[in-house]
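As given, the protein sequences belong to chains S and W, one line each in that order. For any residue, its number in our numbering is found by taking its place in the first sequence, counting from 1, and adding 821. For any residue, its number in our numbering is found by taking its place in the second sequence, counting from 1, and adding 821.
A couple of the hints might just be wrong.
Identical copies carry no separate label here, and so any pair may be met within one copy or between two of them.
Taking lysine-lysine pairs in the DSSO-like style, the calculated list, with each CA pair at most 27 Å apart, reads [said to hold, decoys possible]:
hint : residue 1 : residue 2
1    : LYS1030   : LYS1008
2    : LYS1171   : LYS931
3    : LYS878    : LYS845
4    : LYS1102   : LYS883
5    : LYS1171   : LYS833
6    : LYS845    : LYS1099
7    : LYS882    : LYS931
Worth flagging that the hints you see were computed from the coordinates, not collected in a lab.
2 protein chains.
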Amino acid sequence: MSELTQMGAAAKAAERLLAVAGTKKKNDALEAIRLALLKNKERILEANAADTDEAEKTGIKKAFLDRLLLTSERIDGIAKGVAELIALPDPIGEVISMSDRPNGLTIGKKRVPLGVIGIIYEARPNVTVDAAALCLKAGNVCILRGGKEAINSNSILVDIMRESLASVGLPEDCICLVRDTSRESAKELMGLREYINVLIPRGGSGLIKSVVENASVPVIETGSGNCHVYVDDEADLEMAAKIVENAKCSRPSVCNAIETLLVHEAVAEQFLPLVAPKLNKYNVELRCDEKSLRILGISAITATESDWETEYDDYILAIKIVSGIDEAMDHIARYSTQHSEAIVTKDYAKSQRFLNEVDAAAVYVNASTRFTDGAEFGLGAEIGISTQKMHARGPMGLREITSTKYIIYGNGQVRW
Amino acid sequence: MSELTQMGAAAKAAERLLAVAGTKKKNDALEAIRLALLKNKERILEANAADTDEAEKTGIKKAFLDRLLLTSERIDGIAKGVAELIALPDPIGEVISMSDRPNGLTIGKKRVPLGVIGIIYEARPNVTVDAAALCLKAGNVCILRGGKEAINSNSILVDIMRESLASVGLPEDCICLVRDTSRESAKELMGLREYINVLIPRGGSGLIKSVVENASVPVIETGSGNCHVYVDDEADLEMAAKIVENAKCSRPSVCNAIETLLVHEAVAEQFLPLVAPKLNKYNVELRCDEKSLRILGISAITATESDWETEYDDYILAIKIVSGIDEAMDHIARYSTQHSEAIVTKDYAKSQRFLNEVDAAAVYVNASTRFTDGAEFGLGAEIGISTQKMHARGPMGLREITSTKYIIYGNGQVRW
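Chain S with its partners taken away, still in its complex shape (with noise of 0.2 Å):
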């Protein structure tokens, strides 16, 4: 049995426990995870600063160093989070459905855990705690597999919240950690079909590509977003101008920006002398199509096919004129992850159109795409937005990572 077969195994243990444990025991795991966060600051600094200065010395950029980071006050955000968590209801339990057949079964529908959830991740330690606590909370075990930057951050973590869960009577292996970084031990966890119910890859394009091919284990696929906001003819202009602004310049490096601009070629002489002033104040980098090229001059450059295609995530914007909202939805159905896509109109029947046939998890009309989140979607928190459209679509809270049984209440039925 190999080292992960075995912890695979432990963790299948520990679900059926932790399914029965109850609100009130998750909840004192949370709140024990959340006071030895803070009382180990100074050990989980140590720890964190050891894999600084490992990366620093191979010559890492830096905003991945920055992710990497872990500081006193990112360690009490972190603790932050644990207790917003216990404040959240507990999904597990809930009866979403019950009523009497003609044959007298009372059949229910019952939320429960998903069971054993893999988190395959890159060097953010503080995924490590936020994924454990959320799969926690909804009852599910989860194994992490964080990447090999973060290793000591992540070794010191889990050893903290597993005394914590073992310290409430909780098994320690409801939070399992992969500390071997290898990449077949990656590859290995992909496969335990046996053991694992849900593989959640979290991070860039590339590892989620990865894990989607790769594993034989469910996938939720999460994060890639090529967003597009299309300006219609009839929309209010100075709107616009506002929420393209904000849906590129923002946060540009997280997957709800937007990519691409959609112009009605009616408004585009109007609209982009209007909205490129405000996207210089960004040095955004312009990429334009022919028509819109000529129309901001020196300012763009020309975008080719591949720009149409790209998530970006940094300060560039790709610019494209249409005829109409019929090409602009064609353009969204060709290139778009289906993550966010919006568009700005003053006209009832477009907006219906757009709401209606734009494929995507995520669709609006006058408002910037940057909303698609769990807590400004209400959900309190998050453990991903999927793009796939199997179980979940979108940001994906405590219930999305959740289950159902049917529950039936018989007195002797059978069929013949």
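Dock chain W against the given chain S, drawing on the hints supplied.
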């Protein structure tokens, strides 16, 4: 571009049109299909005769031949199934929730089709129409890939359905058939992530295992059922005997039939002689652990470890005597495929424990496991019974082959 890739692209193109076709048009198509099935009965029976003749030549099993066979009555039955589907409410367009956020955004969650569904199945040509009609009603395009033995039947059925689609102005490609029934085509289908949203295998455990292990398209696992009845020491033994007889003998080949009987040691001496004659009427072979063998004597044979794991789908029943509900639930946790599990007891606390602690799609108190079925659960129609926890669990009706999207109504909101 391979033939299958072309089919995938055509299906994807049809998806956009079908998603917004509306209930009336989808019902019109179903009614056209129903009428065409009845009108073309002779042609269908001829094609089916070609399949059954060919199958008989290869000396195929009688049960297999029966699954392959269409008769005038069976075609009537298939058409009746389509009529029932027309009468069911359309799941698409339902707004599951909608509320205002503090920032003035109105956020709703709306039911939409899954998209393109691939169905891989074996030799039952009725599945061709059942599955296509269910997908159509829920706004999904389907790509069907049936067994090679039924290729003539499937071809004519799909031709008829495609003509019916065209007759009401829907794209023929809403229903596609993979006419190349080689292993290679099945394998290619399982990898068409770009065009297929979900794969649903329907058939024996070999087929399902192969799809689950080889597909990179997300799969909904269906069907395998190693189910148990546990007869508690506080059971009404007459009721228990009737439930065991029904759960084993009413239709042993289906997934909700039981394979193992667990009996509390305190009532085994009394219960086994009560249930044995009922099972004997059907010549059920009993495979017993040591203790139950001692009670049943020469009418039974010794069970081995593999018996606890086997889904017989036949008139065979494994029997094990347990010390109580804990050992029963341990056995179930170890060997169950988490399909349907039942307890027979008069004790309140034990009924609650079993419902809460047993992890299966359907958990019963004092009723036969045979009720796990879309029609019996009131879903109206069924595309399969999911034994996984992701997306859907238990019988899957129309709602279970849908997804959702968030629709967001704003008036200029941005998020900095």
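Each hint tested on the structure:
{"no.": "1", "hint": "LYS1030 with LYS1008", "result": "both (13 Å within a copy, 20 Å between copies)"}
{"no.": "2", "hint": "LYS1171 with LYS931", "result": "between (40 Å within a copy, 18 Å between copies)"}
{"no.": "3", "hint": "LYS878 with LYS845", "result": "neither (45 Å within a copy, 66 Å between copies)"}
{"no.": "4", "hint": "LYS1102 with LYS883", "result": "within (23 Å within a copy, 77 Å between copies)"}
{"no.": "5", "hint": "LYS1171 with LYS833", "result": "between (51 Å within a copy, 23 Å between copies)"}
{"no.": "6", "hint": "LYS845 with LYS1099", "result": "neither (50 Å within a copy, 47 Å between copies)"}
{"no.": "7", "hint": "LYS882 with LYS931", "result": "neither (47 Å within a copy, 41 Å between copies)"}
In the structure shown, a violation is registered for the earlier hints numbered 3, 6 and 7, in ascending order.
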